[in-house]
Amino acid sequence: MSDVASQLTTADGRPLKAALASAQARAKRRAFFLVLPLLLFILITFAVPIGQMLQRSVYNDQFSKSVPALTQWFAENPKGSAPDEAAFTALASDLLLMKETRAAGDAGTRINYVVSGTRSMFTKAARGADKLEPPYMETFLDLDEDWDEPQIWNAMRSAASPWTLDFYTIAFDLERDADGKLQKVDENQRVYFRLYIRTFVLASVITAICLVLAFPIAHLLATLPMAKANLLMILVLLPFWTSLLVRTTSWIVLLQGQGVINSVLVALGIISDDGRIQMIYNQTGTIIAMVHILLPFMVLPLYSVMRVIPVSYTRAARSLGATSWTTFRRIYLPQTIPGIGAGVLLVFILAVGYYITPALVGGADGQLFSNMVQFHMTKANWSMAAALATMLLVGVLVLYWLYDRLIGIDKLKLG
Amino acid sequence: MVGSRDDAFVSFEHVQKSYDGETLVVKDLNLQLAKGEFLTMLGPSGSGKTTCLMMLAGFETATHGEIRLDGKPINQVPPHKRGIGMVFQNYALFPHMTVGENLSFPLEVRGMGKSEREAKIKRALDMVQMGAFANRRPAQMSGGQQQRIALARALVFDPKLVLMDEPLGALDKQLREHMQFEIKHLHESLGITVVYVTHDQGEALTMSDRVAVFNDGRIQQLAPPAELYERPQNSFVAGFIGENNKLAGVIEDIDGDRAVVRLENGEQIDATAVNVKEKGEKTLVSIRPERVEFKPDLIPAGSHTIDAQILEIIYMGDILRARMRVAGNDEFVMKYRNTIDQTQLTPGQHIRIGWNPLDARALDMI
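If you're matching them up, the sequences are chains D and X in order.
Numbering of the first sequence is given in the numbering used here, commencing with residue 1 and proceeding in unit increments.
Numbering of the second sequence is given in the numbering used here, commencing with residue 1001 and proceeding in unit increments.
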């Protein structure tokens, strides 16, 4: 078939495909110029920053740019070699360089990410770099007895190359022992991966609550007469039109220890004055406030799907002998799945990356992964922030892929 | 055919329905159906016919009155316990199920075993000649095929009563006519009772045992198709069913059911008095175009003839339509057969027309 098609020609003997392409070329060019501004915008403001973020998570030259001599020594000596006099000589010359370029703090910070408490060793040694005397090994050990620790030398060897997976190691709550083997960090230091899991769990809980709350509202919206439905729709959309900060603050007013709800409960004698319920600055606060903010994102796709399900389907099912529950389960629910899928995906992705609400009402245990990203950004640890953000991105992409496998992305219906 | 009140299979007794508490959509409906009857509810949109069907199916509740099915009142019975098959206007085939699953659904909810279900599904599909389509999805089929499946689904659980809500409305003319005969044949071979709602009078006349003509929330006439066409009881029915010429006038003389009507221009015509009672009453005389005669030997002796001026002749193949001016009415139509020796009429020509008094019905003025 395709052979025949490729040999088709126009009346004057030109191949048909070529003729078609040239006939459409102009239209295609014009269409391309129309989308060009948006394409550039997306490229500059989205694709490039994301690429940069991905790169920063595995590229950090804070240390490597200041240590030419050590880099050479690491190249000459295989991994695991104990630092000898030549190594310390190289270290001394690099520290002298750092003193001149004022890079000791940066370099020390880079090593400090991997082995904590080491930054001051670098700044201290660099401050007196011009007074260091051979034999360097002893001089350094006099300065700080930890200078021959294999962990520090391993860390320096790793950091001597700008390309590194150190930040992912940290993000997965792992560290390298003296032999360079990966191991879990101490129980009480495992913060990142645990928070990562908790973020996904919390986002799931928020999504589930949103679905349960939004389903009846969306159904009501879809079945009410237009005038009433519009009024209800305004109520649903009201959160959209209110400042995020205002909404969050009103939740604080309502939920805090001396807040409206607690005071009413105390006044009614349901709880005692000492037993005021902690509803904010913890996980509960995060969940309540985020459900409120994300609810419209669940209602709208559900509504758009439910609105076009004709009432005759449920009527047909009822006339065929199905109870109202069977009708709901087997006829109505399956037809709302594109809306459920879209709503769940939308709310979940938004929830997983949410930052402002947990920061305001989350307290200690209501923080999400994004808050950790923000924490490292304020500390100018861009590589760590980038590694954490990449983890978040990958997590969402995996879920997106799962969704496509299970339900099919083509079934998504956002409205 | 028409059952008495007691042995009626379906009966509406003084049923009224209001949606807003201010206006009645259905006004005092009384209707009895015999078992095995094919009854069509015919009427313009908003006449209350669909509301009646929905009340029977259980999707609307009657505001007043009682609906009985097989002798038992069903006002309080939920739709899924009524055991009534229903065919919807837009087919309402479940889009996420195959044809087989659609048909299986009513059997599954009745807790029927797999082998029994399969046998019934096969039988129902064969009945509508769709046996090879069990694994298709509704979206992969044409409108006519979907309609057959919808029919099979409404019949697969052997309901005694099947309701059809304008089931052929979305099909093209040829397919619609074909499906009319199939539905009729299914009705006859299965012995089911059918209540059929349509606004298409041709459909109503072709298929039904009896037709209930609805207007303004009331049954205007309930009669077999022939009677409905030949002997409309009021002006609405006369105007709604088929084509009709209407001549306004006053009763000049009345004797039993024979009446003489004086038209507005003073001419007199013969008519049958249907719902006029006394001399001097205003009336609207309705005559079918095909019952109007212009050859003296076809007009009964002694009856009145009136003057008609031909305005236009329309050639329609099997018949000819003559539009004429009769008693000041420019829209008077006469149909006559197109035969080889038919008299040639030309526009502008004056002829005398008349009819059998039985064909001219003096009705109420609307």
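What the hints contain is simulated information worked out from the structure, not anything from laboratory work.
Bear in mind the structure is a predicted one, so any value in this text is a computation, not a measurement.
One thing to keep in mind: the hints can contain errors.
[Unchecked claim] Where chain D lies over chain X, by a calculated footprint (3+ residues, C-beta under 8 Å):
#, segment
1, 1082-1089
2, 1094-1102
3, 1241-1249
[Claimed, not checked] Where chain X lies over chain D, by a calculated footprint (3+ residues, C-beta under 8 Å):
#, segment
4, 213-224
5, 262-275
We put the CB at the ideal spot given by N, CA and C, even for glycine.
Which hint numbers doesn't this structure obey? Violated hints: 3, 4, 5; rest satisfied.
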